[in-house]
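Here's the letter readout for the chains.
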Amino acid sequence: MSATTTGAVPAMPSGSLMRRIAWHCRYDEKRELWIGWWTLVAFYNLYGLLFFVLARTQPPPQPSLGPAEIVQWFDDRRSGLLYGYAIVSIVGGATAIMTATLAYTMRRMSVSRAFAYSYLLIYALATLPGMLIMGVACTVGAMRPDRDHALVSWLYDFAFLSFEGTMGVFLVGSLIWMAAVLLDKNRVFPMWFGYLNLCNALTEVVVAPAWIFRRGVFAWDGAIAWWINMAVFVTYTTVFLTLLRGMIVREDFGSGPLPELASDRAPASAGTLGAAR
Amino acid sequence: MKRRFEQRLRFVWLALSAITLAQLALGSLGQQDALTPNAVVTSSAIAIALIKVRVIIREFMEVRHAPVLLCRLADLWVVVTGVSLLGSYFVGMAHSAG
Amino acid sequence: MTTVQVSVAPRADGSDERAASSEKPGGVRFVPGQPDMWAFVLFEALVFTSYFTVYVIRRTQSPGPFLQSQTHLDLHVGVFNTLVLLASSWSVARCVQATREGSFRAALNNAYLTMLFGVVFLVSKVREWATAIAQGFSFTTDEFFSFYYFLTGIHFLHLLIGFVVLGVAVSRIRSAAGAAPELVETCATYWHTIDFLWVLIFALLYVMR
Amino acid sequence: MRRVDGELVLLWTLPAVGLIWLSAFLLFPGFVQPMSPAMSAEEVVAFYRDPANLPRIRYSMIVFNWFAVGLIPILALIALQIRRMGHRTPIFSYAILACAAGGPTIFLMANLFWLTAAFRPERDPQQTLMFNDLAWVTFSSQVGFLIAQSVILALAIYLDRRERPVFPPWVAHFNLVVALLLIPAAFVGIALEGPIAWNGLLSFWVRNIAIGLWIVVMGVVLGQAIKRQQAEDGAMTT
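Protein chains in written order, with the numbering used here: chain A, 1226 to 1502; chain B, 20 to 117; chain C, 39 to 247; chain D, 102 to 339.
Pulled out of the complex, with its shape left as it was, chain A reads as follows (with noise of 0.2 Å):
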């Protein structure tokens, strides 16, 4: 990176909270991550709500259904497909800063730069299986309410199966994670969270099933293959966003061991902060 040319740094304005943020997208050495970490909060709450509350895909329907019956579930909910991955396909991208802060963390560990360009480079391709396909297979289904039953029942498994089904990168993602977590000593992440990283690896294998199940706890919609896997991915997801949250506040720009969090909650100047180190 360049050398920076900011010059003095006022100290933070403790007025409202617009001053608050102007002065932190201004002057904040950590801009970026924030960034990246406002980025994580603010889309998987938006995906909760798009998928489970706009869209009402999630928690996902049964896979049994007949033709007539997903004829039915397109109608009940058509807008809401319709408008829900519109919006789902407009905010996708925001995936890439998302994938791009998890991936410096690895890039600030004391690992080799391969494992964050893997986890780069997998989470990239994972947006099309993780969302992408299933908006696309979804608004085909409900833009035609007059379509074939047959083929509005393909578009159907297209979607879910899709969605639920393809494990892989996410399976080799957690690993790789786990890894640069478990072999890093500038101890950017706790052991135990390459740790849960394995947890999460191995409910995607769990829902493998689902390709072979239409009914029944193994199923997309089982309470194997759906529920308790959902409950480790929030439990997963909220634990790195709260952990990466301590990384960036910890973050001193350098190579070696990241520092341990100042028992004293002093808000140091990121400015000093940076130039202290």
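Mixed in with the good hints there might be a few duds.
Stated by the list, open to error - The calculated label-pair distances, taken between Cβ atoms and stated as ranges, are: (1) A168/C / R104/D: 51 to 61 Å; (2) K1410/A / V99/B: 34 to 44 Å; (3) L160/C / L40/B: 14 to 24 Å.
Unchecked claim - Chain C residues, not near chain A, derived (Cβ > 10 Å throughout): (4) R67; (5) V117; (6) R212.
Hints were generated in silico from the structure; no laboratory data involved. Cβ atoms here follow ideal geometry from the backbone N, Cα and C, with glycine treated the same way.
Please build the complex by placing chains B, C and D on the supplied structure of chain A, with the hints as guidance.
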């Protein structure tokens, strides 16, 4: 000291193996009506398994020397699992019978 | 392969006291291995509890078919599997003890013995699956067999990871004579988890009615 | 030959690829007079079965298949320019790289659906209609990565702390405008007629002209930035 620890590990292993063999007897119990649910067999199977699990955690995994918090958490998990398994068994059986 | 580093964070209990405690069990309280691994064990154990609970609930909804299918499992195989894993737990516990005392020859032997028991378990599990499949019981045959293959399969996966973990322990024992035994303890903790999860799986698949 | 010279070679692939895209675009009969989503299954089938259309559909889409990924080198060059900016982390250049593969992959999927529809025009009309819908919806609505790369580039430019910024600020404004113009296209599913429909003013003309303009403008400013870099590197070595 070393010897005492070794002996203790061996004793634990022998005890666990003996309980497992007892489970063999339990599983073979009343083989002729293997097709009817048996609350006694089920609850003793789960209870024995949880006792074994607790012994493994305390002895082999050395939680008995661990800080109290870890002991409590491990015991809590055993209790949660026991309540959850036995609870869902009995509630489920009562539900399907009723 | 380089060894996985030991957590360098200063620990509240202090490793020095622990070195003393190996001579005097029952003395100072300490967490065996990394506390991080314990977080994993408790979390993963909870996930398994939820799998088991779903299984028991599904079972009680149709007890007849489950019991019918259960008769096709050989209890003796299950008992044998359990005994093998208990033996492996015993040997890995002795491996930890030997590492603490600095008798690395014994530690290595016990680690290899653990691997051997692990392999015996794997072979016997694969044979059991092969027999069941040959008899026409597959993953999709009925709900009991779905659960049977799922629970044994996910446990099998944990066991495979266990070999990697044991490999890490062995390389640590070989490379760092006299170092703190924390990493070996951590690996042993993982291995015991495989054991105690199997004890529950055994009771739920083979014994309960 | 210095590193930057190679970058200029990559940049000069852009006019060539752009020309190929333009000709393929004009060759595809569904683009010149964009197909209406209101067409019935029979009309769509007739479009694919028309002996005047079929070869043009196939050959134009084959050309797109060859060159769909042609924009990736340009995005890689943009990522390198972002690396030169005064940032504390490589997050923005990582993010551009994460976007780079997304856009072309989506375009390739649309291409695949068009070619599949054209492969057996005698297919059941409902099926051809569905492949045609899939192609158009994928092509039109999946603007996420294009929006993201514009917004990320704009952010990177705004947050550039160099005394002489790599890109002038107007490039950031321009990118935000382009991102805004792409948004309506995401809604193609909701209407079969009007400006939002996939042949409409907003979803087709505004969107595609914005993309074309972005390619041209970014090609030019990228060339200028690389030239400046060349000069700076030269000043440093002498």
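Hints that the structure is at odds with (numbers, increasing): Every hint satisfied by this model.
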